[in-house]
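S.K.: So the chains spell out like this:
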Amino acid sequence: MTAAEIVFTALGVVALGAGVCTVTTKQLVHAALWLVVSFGAVAGMYLVLTAEFVAWVQVLIYVGAIVVLLLFGIMLTRAPVGPSEGLNSRNRFAALLVAGSTAVVLVTLLWRGFRDARIELEPGGGSGDALGAAIFRQWVLPFEVLSVLLLAALVGAIVLSKSRADRGSRTPKEG
Amino acid sequence: MRDVVALALVTVAFLVLPLLIGQTEHKVMAHMQNRLGPMYAGGFHGWAQLIADGVKFAQKEDVVPERADRRIFLLAPGVALVPYLVVLAVIPVGPGQVAIDLSLGLFFALAVMGIGVIGSIMAGWASANKFSLLGGIRSAAQLVSYELPMVLAAASFAMAAGTLSLTGIVEEWRWYWLFWQAGAAAVFFVAGLAELRRPPFDMPIADSEIIFGPYTEYGGLRFAFFLLAEYAGILVLCALTTVLYLGGWKGPLLPDAAWTLIKVFALAFIVIWVRVSFPRMREDQLQRLAWVWLVPISLAQLALTGVVKVVTDL
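Protein sequence lines correspond, in order, to chains Z and E.
Letter by letter, the first sequence follows residues 336 to 510 in the numbering used here.
Letter by letter, the second sequence follows residues 196 to 509 in the numbering used here.
Be aware that a few hints might be false.
[Stated by the list, open to error] Partner residues aside, some chain Z positions facing chain E, computed with beta carbon under 8 Å:
| id | residue |
| --- | --- |
| 1 | V364 |
| 2 | L382 |
| 3 | V383 |
| 4 | L384 |
| 5 | F388 |
| 6 | W391 |
| 7 | V394 |
| 8 | L395 |
| 9 | V398 |
| 10 | A400 |
| 11 | L406 |
| 12 | M410 |
| 13 | E455 |
| 14 | S462 |
| 15 | G463 |
Just so you know, these hints were derived from the structure itself, not from any lab.
Quantities reported herein were computed from a predicted structural model and do not represent experimental measurements.
Here a beta-carbon is modelled for each residue, glycine too, at the ideal position from N, C-alpha and C.
So that you can see chain Z by itself, here it is in the shape it has in the complex:
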């Protein structure tokens, strides 16, 4: 085992452990903070795989924006210090079953498909230059189509929230 593999495995254990803590903790805000640890560990794994750009995007978008948004939402609704009772779902065994079987399927798939595959990691392979050239030369069409998809989702979100807000504000007058 090389040093990189050891670090990679350790980070994977951290990511997995933090993920388990996220779903098992009895406190909503702790769950969001464990998610930060998990995302951070995943960013570290990207770094070990020389995907620097993806790693920093992971930190910027997921840790810096998504988790902050999650925390904002949690704190805006209800987030008492101490365990909250309503967090125990009755579906947890079903959820465990689904999660477990998905994991088994995915691991088997990867194991059978790429068991003998080896990727030679070269420094700079995931740098801004390499990634930019790949996206805007080779993969430019999928990239642009993806942005159209995101735009459609954005417009849809605005339409959904707007139409509901209009209905809400009109009801008192009509009624």
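Please arrange chain E on chain Z, whose structure you already have, making use of the hints.
M.R.: Positioned in the frame of chain Z, the structure of chain E alone reads:
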């Protein structure tokens, strides 16, 4: 060996420069308000006031409120402070004079700076105090709206230079950037001030309405850490603006590092000046400034940068 020395220097800078900015703030604010500021500690114009403050903070009792979430309450000041130290390591002060030269330095700096806000949100929630919680929520709302214009403005500099490396950006810098990138610089600086929750964007800590926001329950050294994080944030923001917009170490006669320091402190003076001059913005004005002004300006600047870049490359 060189790395160790460089990292030691970064740590020294991290410990000394924010204090210098703090002392400058004491004196500049005082003189702008027609008073003297601290005059006794240490003799000459009260230069030792911040050291005295530090000793005072260290002597105070470390209180954790009974109902608080103890672990997160204790962890929050560290989460607020450490990211700025990490960012400082990638900022170049001269050609090749940088502790860690990342090819994605700009991206790294922006990504790590965003983490600091989680510290203030954690503090706001874990204090189990409604004023703190309000402050934490406001911090989060502010980060979410100002992160976008800040990243867009930074992208404009990266496009102009054709690289994401901070050293590379300074090397590509030319005097006409002062006009060409002025919009991006304004957006970057204003959005950065808002991310640091500095006045006039200090709605999250608004002392006259929510006491001190997320920091209300803190005292002693942990409170001092939050203050230090604020000044370290000013240092990092001014250093990044210097590197992106003011040409970093470039300048006649004086040595490279001196020019970097002069530019950083000139910007820090502006940060203090702004604090003294403008009243605090209301929450809706804050959000309005971000979405109605900063985002469109940064998008227009991106378009301008792109067009100029394409035309001059022909």
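S.K.: Indicate, hint by hint, whether the structure satisfies it.
M.R.: Hints versus structure:
1. Here the hint on Z/V364 is kept, as its CB sits about 5 Å from the closest CB of chain E, short of 8 Å.
2. Because the smallest distance between the Cβ of Z/L382 and any Cβ of chain E comes to about 11 Å, over 8 Å, the interface hint for this residue is violated.
3. Because the beta carbon of Z/V383 sits about 16 Å from the nearest beta carbon in chain E, more than 8 Å, this interface hint is broken.
4. For Z/L384, the suggested interface contact is broken, since its CB lies about 15 Å from the closest CB of chain E, more than 8 Å.
5. Interface hint status for Z/F388: upheld, as the beta-carbon distance to the closest one in chain E is roughly 6 Å, under 8 Å.
6. With its C-beta approaching chain E no nearer than about 4 Å, Z/W391 sits inside the 8 Å limit, and its interface hint holds.
7. The beta carbon of Z/V394 comes within 4 Å of a beta carbon in chain E, closer than 8 Å, and the hint placing it at the interface holds.
8. Taken as an interface hint, Z/L395 checks out: its beta carbon lies about 4 Å from the nearest beta carbon of chain E, inside 8 Å.
9. For Z/V398, the shortest C-beta to C-beta distance to chain E is roughly 6 Å, which falls under 8 Å, so the interface hint holds.
10. The beta carbon of Z/A400 comes within 6 Å of a beta carbon in chain E, closer than 8 Å, and the hint placing it at the interface holds.
11. Nearest Cβ of chain E to the Cβ of Z/L406: about 5 Å, under the 8 Å cut. The hint holds.
12. Satisfaction of the interface hint for Z/M410 is found here, the shortest Cβ-Cβ separation to chain E being roughly 5 Å, below the 8 Å cut-off.
13. Because the beta carbon of Z/E455 sits about 20 Å from the nearest beta carbon in chain E, more than 8 Å, this interface hint is broken.
14. A hinted interface residue such as Z/S462 counts as satisfied when its beta carbon comes closer than 8 Å to some beta carbon of chain E; here the least separation is about 5 Å, so the hint holds.
15. With its C-beta approaching chain E no nearer than about 5 Å, Z/G463 sits inside the 8 Å limit, and its interface hint holds.
Hint compliance for this structure: hints 2, 3, 4 and 13 are not met, and every other hint is.
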